[in-house]
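Trainee: Take a look at the letters that make up each chain.
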Amino acid sequence: MSDGDRSDEPDGGDPESGRRPERSDGGADLEAAASGSDATASADESTAGESPESGAVSGGAATDVAAGRSAADEESEIDEGSAAGEAGATTVREMHLVSTNHWVGVATVSFLTAGLGVVLRSRPLFLAAVVGVGYLAYANATEAPEPSISVTRSVADPDPEPGDRVRVTVTVTNTGDEVLSDLRIVEQVPDAIAVVDGPARTATALRPGASVTFAYTVLARRGRFTFEGIDVIARNVSGSRERVLDLATAETTITCLPGLDATDTVPLQGLTSPYTGRVSTDSAGEGVEFASLREYHHGDALSRLDWNRYARDGELATMEFREERMATVVVLVELRRAAYLQVGEDGPHVADRSIDATRRLFNSLIATGDRVGVAALAPDDVWLAPGAGPTHQAEARRLLATHPALSPTPPSGRLYVPGYLKTLLSRLDDDAQIVFVSPVPDITSAYIARALHVRDHPVTVVSPDPTRTDTPGRTLAAAERSNRLASLRRAGIRVVDWEGDERLAEALERARRRWSA
Amino acid sequence: MIRRGVAAAGVVLAVVGLVAVAVPSVTTMLPTDDAVVTVLAVVLLLGALREVQRRRHTEFEYTETSDTELTLELPTPGDEYDRELSRVTVTRFNQVQRQHLRDEVREVAVETVQRRERCTEEEATEMIQEGSWTDDPFAAAFFTRRAPAVSRRKRLRELVSSTPPFRRRAVAAIEAIHRLAEGTDE
Amino acid sequence: MTGIEITRRPARRSLLVSAVAGSVATTAAALGSPAGAMLCLAGIAVLVAGVATARHGLVDGGGLVAFLGVVFAATEGATAGPVVFGTAATVVAWDAGGNAVSLGRQLGNRVDSLRVEFLHAVAGAVVGLTTALVGLVLFRLGPTRQPVTTLFVLLLAAVLLVVALNR
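Residue numbers (our numbering), protein chains in the order written: chain A, 1 to 517; chain B, 1 to 186; chain C, 1 to 167.
Warning: the hint list may mix true and false statements.
To spell it out: a stretch of chain B is covered by chain A in this simulated footprint if at least three of its residues, at any positions, have a beta carbon under 8 Å from a beta carbon of chain A; those stretches are [to be verified]:
# : region
1 : 7-17
2 : 57-71
3 : 74-83
4 : 103-111
5 : 170-182
Only part of the chain A face toward chain B is listed, based on derived beta-carbon distances under 10 Å [as the list claims (entries may be wrong)]:
#  : residue
6  : Val109
7  : Val118
8  : Leu341
9  : Ala385
10 : Thr402
11 : Thr467
12 : Thr469
13 : Thr471
By construction, these hints were calculated from the structure, which means they are not laboratory data. For clarity, every value in this text was computed on a predicted model and none was experimentally measured. Beta carbons: idealized from backbone N, C-alpha and C, even for Gly.
Based on the sequences and whatever the hints tell you, model everything.
Mentor: Set out below in structure tokens:
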């Protein structure tokens, strides 16, 4: 599960797409179209007093739900068949029914009083036993309700600075016609984000149409974080049965990235070499690189003669060109446990940065016409062979968004490096180049980069800097890493040292200038 | 099976009881001597005991909720070294640990000197041994294990300052290494 | 920043519900015998302590002891009313206590769960009161004052049926 934004649209900071998440594990679609609008109308009444700060977000506030079609994306939802696409709709991902055992043992009351009552022929005790029977029946009479719920989430500032405290307000509405007498609600806060005020939970009882609002504060950090789920526990009146639901809600995203770093692509001049591929590009005449001069042979095309030279020296020479060829590139992202780092207490998670960079590099490379694939240096197998075209792009997008190895949580297994290298090398085309996205946290990364480079797979390292220099240990680690990168450069590998606050585009530009100097 | 038997018994008794409400004389036919009563009482009290035991032995099965407010604590490179450094400077009589820390720094120092001075590993090690790799006397002293080449007054100040000498020298050495590593771009 | 970690215990306020029900039980027991009331009080104290520390074991144990207190009062000659309402109050206290602990464990002590807990406790109280009243009324005002045997037979039937139908 990646924290990256799964939206296909360019990231202009539109956090509430109102799109229903594409999960179809057979979960029942809970929102009832007809009662939906009634429910949202009464939701307005009950939340009129509170005013959730929705800031610039359009789809968030409960009032907007009644307006319904405010966000532009809502239009596209109409063809999905139902009147859903309202920001509050939820889908059930998982449901469990549990017996809480809350009332187990209450029969003791009846047995004890009846037993003693017999011996003592005591009417009061018998009557007490009747009470016990009543509770026994009460405990088993009802089943946990199946809640029909809509959830609206709004964020005070969807575009904060790192270190800002952002208030998240959640409104939960009962859109069904059952009374929900015991609801316990726990927000699914993205793993990488911390809540610093107020639990992201609430307990409530909701009549049909009623709603409850609660809010909490999170601490923004660099990156892109999507709130997309909520846990609901519904009990019956007596508390003997519990229904637990994992609901998917509309997505709300907090984006905390430096300006244009939120784009999908990066300028790539010089990142890969366009002249070593196998396959010629179709565009003749463009993209040719001057290679050498040779003596004129009778029959050479006149357009290929170096006329400047003839004018200068009176000699005829023919220019030889290397045609631009489609490069084959594999973007290899480092996701071993050692690469799961964060830059100081409030800095970004390096793995998130790496995965984000991988996505953008892939998009950029494929846009220039190269054949691009994706792989990960991780205990799990992640491999998408190089290809081109829109289908391939879509597949890559899906992989980058949903593959379990590409997640903000560190893996639990270990990587067996020699075996991994062997598999990777067998999969790579002979002329494949590698863009290695890695913080280079230890010598294993350097070893792998060198091993690939030496076997004729030119490697370019894009390295998000995980180090700080605010304490002695960290400064030492920074120096160590600097040495590691230097040794890679000495081996002929190009390294882009991507600093903490820098935009990836700037880092690439800086490196390109260095390489062409 | 038992369930059905119990249910059947219950139904029978219910019928009898309801009949007895209407026709009180029925109850006189029921055995009410002490023996029966005692047996019934014992059965019921045993039932009570069973219920109590049942309660004691059933686990609570309601759902546990996750700690969603918390976030992943990931390390920053160098955190481990900081922890060890704090531990070492607080306790005494820990020459082994200090040597270990010193060795870690030395390794990076050698590599850095090699890289910048473009010399062999032996030469780098020697420079560090002698202290000629850096201008900072405290940094040099960290590896030479001798007194730093500074004025007496400065040395005195080092001894009385709140930072223990080991830590101060280690920090000086690390900073010097970092300066060297970040020097001119290659 | 690691974020706040919730304390998985009931909020202070949650103790109220169980405490109130418990005091009703104790009063009822007191009408029968002071010793019974003492026992009941001790049980309620343990129950409330169990809620405060989110331990189901203490809540159950305390509830049982409180109930024994009421039973003891009954054996000491308390009349039907106090015994019946005392029993119901004990069960309500125990039920509310267990519910508070589950809320504390699932949501922590910073969530305002008073309304939910109150609703739950009231529902339980209603059940207890209704059965108590039904029992009292039916067997006081039956066609003749029913002999104990009939009561007993009917009661046994009810117990057996419900236990058999127990899920």
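Trainee: Let me make sure I understand: some of the numbered hints might not hold for this structure. Which ones are they, in numerical order?
Mentor: As far as the earlier hints go, 1, 9 and 10 are violated by this structure, in ascending order.
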